[in-house]
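J.: Residue numbers (the numbering used here), protein chains in the order written: chain A, 1 to 812; chain B, 813 to 1624.
The hints are simulated quantities; they were obtained by calculation from the structure and are not laboratory data. Don't take each hint at face value.
[To be verified] Within a straight-line C-alpha distance of at most 30 angstroms, the following computed DSS-like cross-link-like pairs (lysine-lysine) qualify:
# : chain 1 : residue 1 : chain 2 : residue 2
1 : A       : Lys290    : B       : Lys1458
2 : B       : Lys1228   : A       : Lys284
3 : B       : Lys1338   : B       : Lys1371
4 : B       : Lys1121   : B       : Lys1102
5 : B       : Lys1228   : A       : Lys526
6 : A       : Lys309    : A       : Lys115
Protein chains: 2
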Amino acid sequence: MPIPSPQALAGSVLWRSLRVYQVYGANTEIGKTVFSTVLSKAARRHWPREKTAFLKPVSTGPLDEADDRHVRKFASEVAHETLHQFDLAVSPHIAARVSSQQTPSDDILLSSIHKFAAHRASLGPGWLFVETAGGVHSPGPSGSTQADMYAPLRLPVVLIGDSRLGGISTTISAFESLKIRGYDVETVLLFKEEKYQNHAYLTEYFGERHGIPVKTAPEPPTRAADAGSDANNMLRYYEDASASSPIADALAHLDTRHKQRISRLESMSATAHKTIWYPFTQQKHLSPDKITVIDSASGDNFQTLVPTKPDTDNTTALLRPSFDGSASWWTQGLGHGNPALTLAAAYAAGRYGHVMFAEAVHEPALALAETLLAGMGNARLRRVFYSDNGSTGAEVAVKMALRAARLRYGWGADEKVGVLGLRGSYHGDTIGAMDCAEPCVFNEKVEWYEGKGAWLDYPTVQCRAGRWVVESPAEMGGVAGGSREVSFDSLSDVFDVEAREARGEGRVYERVITDTLKRLQSEGRKFGALMLEPVVLGAGGMLLVDPLYQRTLVNVVRKSAHLFADGYDTASQATTDDNSEWTGLPVIFDEVFTGLYRLGRFSAGSLLGVDADISVHAKLLTGGLVPLCATLASESIFRAFESDDKSDALLHGHSYTAHAVGCQVALQSVTELRRMEVSGEWDWAMSAAQRESLQQLPSASIQNLAPGASVWSVWHPEFVDWLSRHAHVGGVWALGSVLAIHMSGADGAAGYKSDAARGLQASLLQAAGEDGNLHSRVLGNVLYIMAGQKTKEESVRRVERLVRRALEDVVE
Amino acid sequence: MPIPSPQALAGSVLWRSLRVYQVYGANTEIGKTVFSTVLSKAARRHWPREKTAFLKPVSTGPLDEADDRHVRKFASEVAHETLHQFDLAVSPHIAARVSSQQTPSDDILLSSIHKFAAHRASLGPGWLFVETAGGVHSPGPSGSTQADMYAPLRLPVVLIGDSRLGGISTTISAFESLKIRGYDVETVLLFKEEKYQNHAYLTEYFGERHGIPVKTAPEPPTRAADAGSDANNMLRYYEDASASSPIADALAHLDTRHKQRISRLESMSATAHKTIWYPFTQQKHLSPDKITVIDSASGDNFQTLVPTKPDTDNTTALLRPSFDGSASWWTQGLGHGNPALTLAAAYAAGRYGHVMFAEAVHEPALALAETLLAGMGNARLRRVFYSDNGSTGAEVAVKMALRAARLRYGWGADEKVGVLGLRGSYHGDTIGAMDCAEPCVFNEKVEWYEGKGAWLDYPTVQCRAGRWVVESPAEMGGVAGGSREVSFDSLSDVFDVEAREARGEGRVYERVITDTLKRLQSEGRKFGALMLEPVVLGAGGMLLVDPLYQRTLVNVVRKSAHLFADGYDTASQATTDDNSEWTGLPVIFDEVFTGLYRLGRFSAGSLLGVDADISVHAKLLTGGLVPLCATLASESIFRAFESDDKSDALLHGHSYTAHAVGCQVALQSVTELRRMEVSGEWDWAMSAAQRESLQQLPSASIQNLAPGASVWSVWHPEFVDWLSRHAHVGGVWALGSVLAIHMSGADGAAGYKSDAARGLQASLLQAAGEDGNLHSRVLGNVLYIMAGQKTKEESVRRVERLVRRALEDVVE
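Work out the full structure, taking the sequences as your base and the hints as a guide.
T.: Written out as structure tokens, the structure is:
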């Protein structure tokens, strides 16, 4: 049975003209159809000039007993439609299986509902009640439960409560199952039953806790002996119930809530413009119309407000889906609204809330630590330190490294010790993390920023005109043969670092790095860490670094203690049995962006074939739900903080350190990502050769392949090739779920301040065809797109088509 | 109907000898009692030498039809007991209401179950099945739903599924209601019914998603005409079912899970000791036995592992509750495992996951911003910037202030500009936040730390020998009349800052502050912010600062632009209509610890009667669930970042900025805290005069009282008085939910490195009477205790008794 998957183009349903409510039941046979009929009739009664409709997406049981027929009979004044009718009176997933009809997929069902509702909305003001089958979690035809299946529509809900013995429990539980999927239950309706009086309890419960009104109708008449008086009794019942004041109140409430929802959505951008101080945003350039109002999100998609004019535009859809192309600032992995992550978060919240972590331990923190250490496949890493985000985790890493280096090399507390890094590195927005980066547009205007280190130049990799080109800075004279550009047939060849090393391609890197270190030493510079974003520099402009260069840099640093501390000889250093002692400088890999499968492997650093002493993980760590960071370290680093003085400890620790909710969600995410890897869920994105190599491994883990053999991407090689040949594309690369298109626009400005990619970005957002549209972010002249780890092949292809069309339309 | 409240002393239930399982039903009448009977009989059959018991805490319906009687009849070999029997066959909350018996409170019910289970455990190895009534959310006698009511026991669950039509839905929803309360459902049992085949769907569903085995038993025989053959049929059914292999498998699984749970709990501290790098902890001094293993937490209490010896100690309770006296590092407000917070978190996770916040807005972020700005009651504050925790939020505040000051005063980017603060201030662990604090034990050994500012000395307040004493530094020569110590009758008098100001008590402060500012100016020092923790310095040692001093400091700084920028005259500055322009220096209030009712008011700064330009909020912001920070600022500060250059923007923004889960939880927390304030839920802790003043206000908001009139605390004045007279207490203060006891031990060391409070701390943790025990943290010679905002009066009194006894026992 499939985990409910993100719905490619399923959009939320909202029109000004049409009030659409989904009728869910706390259980089956509790009066769902009776209440739908009452509501439909009452809507007709109170809004006689408007159109009311009743939709049953899936119905089971013989046609003459079907709910649809019931509505036809007793509410003939209401339009009614059933989309899928199965004869057998069992749950739709069984009825569909034994039926001769083709089982509609979830996507198709949602599209059909959307289409039906859009048609109704086009007719002008009205009501539409969409009745579900059975209880909230009764399976639909595909086997997904309805609460999961219909979630992307995010229809407001009328929940029919259960008035029978036990009905308090089923009603509250059904409500909770809806609530934790992001549904808004707007009212609860149930029969007024005097013995158990569930309505009395539930009125107080939902009113006090959730501000949700509970309304009742009398129980329908008991079945009469002959069909004729039965029908008459029911007709009279419906006349009375649909005219009753509780039902009128309920409808008036639903009418108000519909208007409130739209009115709030439409005022949000103006209120936000006055109230919110946005991150990394020049608000002088921001106006309310540039603020995206996000109603909700599901799978790969945001559901955002479409600006319309109230007076003239009442039948246009107010919400539309947009593919979240920046993976919500690089965080998304398992899809928006993933019910497994929700349940993990809620479980930890229920079991612990947050519990203090100093000198204490709880299951999610410990299990996550064990899972991360095992998954990294880096024997050096033995310790996990938790903090709240990538920036704080980077500061923790630096505190760790600097102390270890200072103690070993005997530097005083007052000596200036920096980090060795790469130009364009970025490690976060807190001052300490900023200080690890060279002056750049992100930090140079920030008071108290003071770059503490030296940042080296390096060769980068791009696909240009169908070839994978490694371009070196002038000083390196090219990776081989003196040319500054060397090209490869494939990205796999670029990542075949061992073969390239064996061919001597690393020698020029080694020479240049050694010369640079000597020069820095001669200038009296001191360093306490080598700090790298392995493989890709994200915020620095989505730069793919030649992996052989980073590998060489790590290896040179490790054997060059004498270049960091005068007279210190790496060879003389005490070594440990497991070869886990740091040498030269502690090596920090900042995998906040690149790790946990963003680039296709659990550890991005493993693509270099060298192990870090300290490794930082965030963003995808929680699958894209809540902030959490884990800084992993070796025992060799850890021991530097052991002392008899408690103030020699690592002096860092946020109040919510190792918060249970984050750890439980991360445990769920990392476990799921590993499961997807091992069970071959990304096989579609791999080459046949890769799939074969993986199958030959005992564990099917990509990380057990050599770097060169493990390069893969969800972005199709032909698409990347096409892009690389486009006149306005300077270069492109794709790795894992990331695609980076470096535009070669006419715009003179370079880097972050460039606007070269803005045209393409706007065109992608405005796309209106069957492939939907794309919400993306740019970094100067780079437009990047990031799929989630659950994004399906067809969705990636759809985005590829969007990009192709946008590049054809806009630029040419 | 009360929101389920934290259970004072309800402990989780776990013994090595006794496997205790709670039998919950997806609905009523689905075979719960049948399965309990089958399980009991099967346990007897497969573990014949062990003791098996069946407990029904609450039963309704005539005694001769009761479940207990059923078990007696068909499983006479099993011990059975019913704690509360109500005759009427309706839900217990109604049955209890109409019954002549006294309704047992939730606390009493839990204690009775605990007592019964403890007795069974003392008999040696065995099983205990605790059967609930109706469905998971069926109300208990008090009206709380069972899932909430029994949560503190955290018994592992056998969930009886529903095999009828609709039963897939009710079973999954019931499971989710349990899961989000932190229950572990260990197995699902249901009847094997062939038409709907719910067992087939549920086996796949629970197996694949949750690793939970689903087992079946045949449906019981249909009722025979005569009672005799009916009983015989049932007897035969029970014999067969209890011997069946699915039930044997289920029990074997439960047996294994029981052992696994204990074995994991008992190995966790050793694994953590090898794997975790703890915050602010000298791990050389840490051994596994010092690591607290937290199984779960509920309300005010942790449930922690009690170390025992497996061979000899099989009947001792393995878990015990401890009052979370540090409020989990100052974060807790609404209680561990609060279901309203859980549901808020899960709702946002379901509706959004996390969605990118740059140039976008979503409801929880916007609603929270509006709620915070309204709640602060500070007309200056108009903008909300989100970050991930107090430390990052403090850095954001500093970035804001320094830019505003630098631009107004025309300082170059290279000029050294610091913050003006108080000695002992602490704003967080990231380097930038550390730099705002004077060198101290928390930062002075941290590489890259560089205190950037000047930190003033100030008078503090303590209760000593029954008097409230303001003690001034020598330079201030006392607040009045030259004495260094001035005493007041009450803390309210100390906080009556307007009256004290009118009496001229602030004059000496004003003089000393002005002199200091002049001296700093003459030394060429530049400042870009006044940064204060209002009222209480937390990490600095729980120091209560004379509010009149902080108020005077703000006022002096505001009118002293000439002391910060040569030739700049505050009077000449353009003023705004609403008087919201900052003057002198931007004033930052770091309310991370002190705000949101920790000290009794929404804004701690409001206790000073002056408004900040920038205000930082975290910890209690989310009620104690997940990290989130909001930095609030005035338009005057905001405008400093407006420019045509996008790199002049505030360059800060974490990936999870304004994450929906955190914002929704915070919205729920802040709204609930405000509701509690206005509805008088803290009346018990206030004086009669205060209650009366509040009732006369239109809004009943404490914040609308003058500072002096609004001082209150949950800690009893007589208890504080008693402490203040204790020989080993140097001084004490209580405000809001915080109690700080400054010990005057013989220990020579001062501050953080002192161990003076450790004896008291150990004694409180080891307490074993009916008042339970207390888990607390110390700061050097200060032992502080923090209640949650939902902690009940009786729990506070209990903790007070614990402290009294511990001080009597240990110190004297």
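J.: Enumerate the violated hints, using their earlier numbering and listing them in ascending order.
T.: none
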